[in-house]
Amino acid sequence: MSGQDMNPQDVTPEGGHGAVPTAGVETGADTKPARRTWPLYEVFVRGKRGLNHVHVGSLHAADDEMALHNARDVYTRRNEGVSIWVVRADAIAASSPDEKDPFFAPSADKVYRHPTFYAIPEEVPHL
Amino acid sequence: MTSTAPSPAELEERFDATIAADQRIEPRDWMPEAYRKSLIRQIAQHAHSEIIGMQPEGNWLLRAPSLRRKAILLAKVQDEAGHGMYLYAAAETLGVDREELTEKLIDSRQKYSSIFNYPTLSWADIGVIGWLVDGAAICNQVPLCRCSYGPYARAMIRICKEESFHQRQGYESLLALANGTEAQREMVQESTNRWWWPSLMMFGPADGDSPNTRQSMEWGIKRHTNDELRQRFVDMTVPQAEALGVTLPDPDLRWNDERGAYDFGEPDWSEFKAVISGAGPANRQRLAHRRRAHENGAWVREAARAYADKQAARAEAGA
Numbered sequence: 000m001s002g003q004d005m006n007p008q009d010v011t012p013e014g015g016h017g018a019v020p021t022a023g024v025e026t027g028a029d030t031k032p033a034r035r036t037w038p039l040y041e042v043f044v045r046g047k048r049g050l051n052h053v054h055v056g057s058l059h060a061a062d063d064e065m066a067l068h069n070a071r072d073v074y075t076r077r078n079e080g081v082s083i084w085v086v087r088a089d090a091i092a093a094s095s096p097d098e099k100d101p102f103f104a105p106s107a108d109k110v111y112r113h114p115t116f117y118a119i120p121e122e123v124p125h126l
Numbered sequence: 000m001t002s003t004a005p006s007p008a009e010l011e012e013r014f015d016a017t018i019a020a021d022q023r024i025e026p027r028d029w030m031p032e033a034y035r036k037s038l039i040r041q042i043a044q045h046a047h048s049e050i051i052g053m054q055p056e057g058n059w060l061l062r063a064p065s066l067r068r069k070a071i072l073l074a075k076v077q078d079e080a081g082h083g084m085y086l087y088a089a090a091e092t093l094g095v096d097r098e099e100l101t102e103k104l105i106d107s108r109q110k111y112s113s114i115f116n117y118p119t120l121s122w123a124d125i126g127v128i129g130w131l132v133d134g135a136a137i138c139n140q141v142p143l144c145r146c147s148y149g150p151y152a153r154a155m156i157r158i159c160k161e162e163s164f165h166q167r168q169g170y171e172s173l174l175a176l177a178n179g180t181e182a183q184r185e186m187v188q189e190s191t192n193r194w195w196w197p198s199l200m201m202f203g204p205a206d207g208d209s210p211n212t213r214q215s216m217e218w219g220i221k222r223h224t225n226d227e228l229r230q231r232f233v234d235m236t237v238p239q240a241e242a243l244g245v246t247l248p249d250p251d252l253r254w255n256d257e258r259g260a261y262d263f264g265e266p267d268w269s270e271f272k273a274v275i276s277g278a279g280p281a282n283r284q285r286l287a288h289r290r291r292a293h294e295n296g297a298w299v300r301e302a303a304r305a306y307a308d309k310q311a312a313r314a315e316a317g318a
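These protein sequence lines map, in sequence, to chains A and B. First residue of the first sequence? That's 0 in numbering that gives the first Met the number 0, and the numbers climb one at a time after it. First residue of the second sequence? That's 0 in numbering that gives the first Met the number 0, and the numbers climb one at a time after it.
Hints in this document: simulated from the structure, not taken from any laboratory. Beta carbons: idealized from backbone N, C-alpha and C, even for Gly. Certain hints may be false.
Stated by the list, open to error - For each label pair, taking beta carbons as the anchor points, the in silico distance ranges come out as: (1) B:D262 to A:L67: 50 to 58 Å; (2) B:D308 to A:H54: 38 to 46 Å; (3) A:Y117 to B:Q22: 28 to 36 Å; (4) B:E227 to A:A118: 49 to 57 Å; (5) A:F102 to B:Y306: 52 to 60 Å; (6) A:V86 to B:G264: 49 to 57 Å; (7) B:H288 to A:S82: 23 to 31 Å; (8) B:D308 to A:L67: 28 to 36 Å; (9) B:G207 to A:A107: 20 to 28 Å; (10) A:F102 to B:E11: 49 to 57 Å.
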């Protein structure tokens, strides 16, 4: 796209570092067959002792060891972690294609699983 | 388990309700195709900007005036790479491949921010980039921490934490120059003169009836208009310039009591359009460098892959 035919309204500051074109930009996935690149890993970091590992993002690496090194460099440059898990993204089983999932419906109708379900006289202590 | 698939209208309704409740959309949620495309474009070009953004600063790594400044600059440039990585990771949750995005950048099928097409001519430019360019980036990025798309918002939270270091180290290095010799003070002023207008251009053209901005705001991707953010940046920056003893190169810049904000002049939008379309001082150099780095790294990527395959084959044979 040349300077002459660019409409100012086709440019916005979306994406932190300032204005970029929004027209004439490819957004689809390529249809050509993908070359064999490094696999995708998901990264989980334990922030400090006593906490669970938490998902922080993903990266590409040739193997597990490289994935750990890359995860350290990308996700823990400022003491954000004391332990890292990496797992191949294609090895993760997930509940369903939609986060609003009937899979979780059964937990919604069992109110008796919550302590507030039970009425206790106010004068009874420590309950 | 039997469940009937929701109809397209129901899916759209759920999406709209999630946005209306100011909740986050997550990767495997249904989303309108236009929302997905808009995010891919925005996140990919944001990532490209971070990656290309390493170059103007990398230019001074070997010429930093002290070991302290060199270590700081190295950490900052490494952060920019990290920011690119967080963002590519977020983009991949939308179904695009990182390798593909890199190729779109080096083929110019996707772009990056115009600001990185300006050269860094003096050491003061490194300080001014931290102060003004990262300062403007922070204005743009803080609202993105509340973006409706979960992975993007989470990446932005990490990025914003690190940007604060970027801005402060820049300002501190300018303070050192401002307290130095006359020549050093002149260097800061000269650099400020060159970077001020490009920094204002980072917010994009004045608010028009851009259907794109309006749609992005309806979707909760964008939270403020270009002009709102630009005003915020100017109001933030003027007192910082005063403390530094530099003059911002705008004869129309003055406090407006009525508005409770600074009035300021109009950037040269023809320059902006030229730079973003490829005619800036360093466009060709930036892309050529990125392409070269990518091509020179190809054998490393292949070798690592071959090594991983060999190790896996050995492990299997030995098992």
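For each hint, the structure was consulted:
1. Checked against the given bound of 50 to 58 Å, the beta carbons of D262 of chain B and L67 of chain A, roughly 54 Å apart, stay inside it.
2. Remark: the range hint 38 to 46 Å for D308 of chain B to H54 of chain A is contradicted by a beta-carbon distance near 28 Å.
3. Range check, Y117 of chain A to Q22 of chain B: Cβ separation about 31 Å, and the 28 to 36 Å hint holds.
4. The supplied range of 49 to 57 Å is met by E227 of chain B and A118 of chain A, whose beta-carbon atoms lie about 52 Å from each other.
5. A hinted range of 52 to 60 Å is violated for the C-beta pair F102 of chain A and Y306 of chain B, which are about 40 Å apart.
6. The beta-carbon spacing between V86 of chain A and G264 of chain B, approximately 54 Å, falls within the hinted interval of 49 to 57 Å.
7. For H288 of chain B and S82 of chain A, the Cβ-Cβ distance of about 37 Å falls outside the hinted range of 23 to 31 Å, so the restraint is violated.
8. The hinted range of 28 to 36 Å is not satisfied by D308 of chain B and L67 of chain A, whose Cβ atoms lie roughly 18 Å apart.
9. For G207 of chain B and A107 of chain A, the hinted distance range of 20 to 28 Å is not satisfied, since their beta carbons lie about 47 Å from each other.
10. One distance hint, 49 to 57 Å for the beta-carbon pair F102 of chain A and E11 of chain B, is violated here, with the actual separation near 22 Å.
When each numbered hint is compared with the structure, violations occur for hints 2, 5, 7, 8, 9, 10.
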